[in-house]
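Full structure from sequences and hints, please.
Residue numbers (the working numbering), protein chains in the order written: chain Z, 2 to 199; chain E, 66 to 264.
No false leads were mixed into what you were given.
Have a look at the derived ranges for each label pair, beta carbon to beta carbon:
# : chain 1 : residue 1 : chain 2 : residue 2 : range
1 : E       : Thr-141   : Z       : Ile-69    : 43 to 49 Å
2 : Z       : Ile-69    : E       : Thr-116   : 53 to 59 Å
3 : E       : Lys-256   : Z       : Gly-99    : 36 to 42 Å
4 : Z       : Gly-159   : E       : Val-201   : 20 to 26 Å
5 : E       : Ser-207   : Z       : Gly-159   : 27 to 33 Å
6 : E       : Val-201   : Z       : Pro-123   : 51 to 57 Å
7 : E       : Ile-143   : Z       : Phe-158   : 33 to 39 Å
8 : E       : Thr-116   : Z       : Phe-163   : 37 to 43 Å
9 : Z       : Phe-167   : E       : Val-86    : 46 to 52 Å
Cross-link-like lysine to aspartate or glutamate pairs, in silico, EDC-like; alpha carbons within 16 Å at most:
#  : chain 1 : residue 1 : chain 2 : residue 2
10 : E       : Lys-95    : Z       : Glu-84
11 : E       : Lys-102   : Z       : Glu-84
12 : E       : Lys-256   : E       : Glu-133
13 : E       : Lys-150   : E       : Glu-125
14 : E       : Lys-92    : Z       : Glu-84
15 : E       : Lys-152   : E       : Asp-119
16 : E       : Lys-148   : E       : Asp-176
17 : Z       : Lys-66    : E       : Glu-68
By construction, these hints were calculated from the structure, which means they are not laboratory data. We put the beta carbon where it would ideally sit given N, CA and C, even for glycine.
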Amino acid sequence: MRVLQDFTKGLWKDIPPFRLVLGLCPTLAVTTSADGGLGMGLATTFVLTCSNILVSLLRNLIPRKVRIACYILVIASFVVIVELVMQAFFYPLYMFLGIFVPLIVVNCIILGRAEAFASKRPVLNSLADGLGHGLGFTMALTVLGAIREIFGAGTLFGHSVFGPHFAPFAFMVKPPGAFVCLGLMLGAMNIVSRGRVD
Amino acid sequence: MREITRMIVVLTAISVASGLVLSFVDKFTKDPIEYQKLKFVKGPAVLAVLTDYDNDPIKEYKKNVILEKKENSVITKILFPAKRKGKLTGVAFEVTGQGYHGSLGIMIGIDIQRNILTGMRVMTHSETPGLGARAVEPSFYSQFSGLRIDDIALSDRGGKINAISGATMTSQGVVKAVKEGMHLYLRSRKKMIDALKTG
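Right, here's the structure in full:
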């Protein structure tokens with residue numbers, strides 16, 4: 002069924018940020034812990050899904066010449082909602098993510114899916130597309146965050162993994178470590194995909 | 066012309082809808098946000114600047130305490146009381162200063178018997194890391210403990226505070242804000258004590 006396909010493609014075939022190479026900035030910046038990756042992923046998923054739905058609903062009303070401005074208005078509104086709700090109920094996460102919460106507005110995945118998909122497809126498909134890509138993004142960020150946290154700080158979701166005598170590999174939680182980890186994960190995914198095709 | 070009209074109408078409609086929804090969400094989240102800020106941002110600072118207490122200054126906070134009325138403005142503060150055995154010993158409140166890059170959110174604690182500072186913490190700032198941002202380090206903020214009003218000034222102006230080297234503006238901003246806070250306390254001491262005694 003078409004809707005199911007639209008949902009599952011975001012989970013592997015088209016997964017951001019590895020296959021759909023978008024949204025790299027928050028990927029690198031907030032994955033110093035699994036919590037941070039998970040939180041950012043879920044926040045982005047909410048905005049992506051809601052904006053896809055609304056853009057799809059309005060797709061015949063928005064004039065082509067001002068479509069980007071309209072999409073940004075819609076996306077920014079949902080980001081503010083996420084920001085306020087996060088501040089109200091998940092303040093420690095808000096303190097951790099900092100400036101990257103408002104930066105969700107310019108996450109290319111969201112504007113990209115609005116322009117490439119939601120503006121041309123029915124609501125249910127757009128919902129599936131948004132949810133799929135969002136959850137794929139969330140999985141990617143959580144795994145990346147977990148890897149960096151385990152080796153860079155010796156913890157997972159804040160709980161100690163190796164015990165008190167572990168010497169953390171601090172490189173992992175710094176920017177160069179982010180790039181290296183991202184590259185290794187992408188390489189691993191390529192090996193798995195190649196195995197499947199052949 | 067029709068095309069332009071349609072563009073204007075659609076953009077305006079989306080903006081208005083957005084504004085309405087967001088103001089609703091803002092109203093709904095205002096109180097929870099205030100509590101969270103209190104708990105995570107101001108809370109630790111409040112407990113750090115007060116010294117003599119066995120109560121919970123954060124739980125017993127008093128909002129919108131009117132301290133002064135001028136021609137056009139009213140000064141109100143959120144006050145956090147320090148109590149020992151039910152008796153008021155100190156008070157903490159926030160003051161705002163002007164740093165090098167932006168505003169400084171500072172929490173000060175005052176001993177109400179001896180009218181001296183019990184502590185100072187810079188809670189929020191946008192100062193330069195390694196320079197003005199060092200205002201959050203113990204080597205800077207510990208200088209403020211135990212000071213009387215006359216001591217609150219930079220050492221090159223007769224006070225007891227050594228500025229952070231390379232961050233004169235930030236240091237001055239903090240000192241100025243803390244001094245003004247102390248003056249405010251001395252002027253409105255009775256009002257503060259009355260407000261905190263009830264309940």
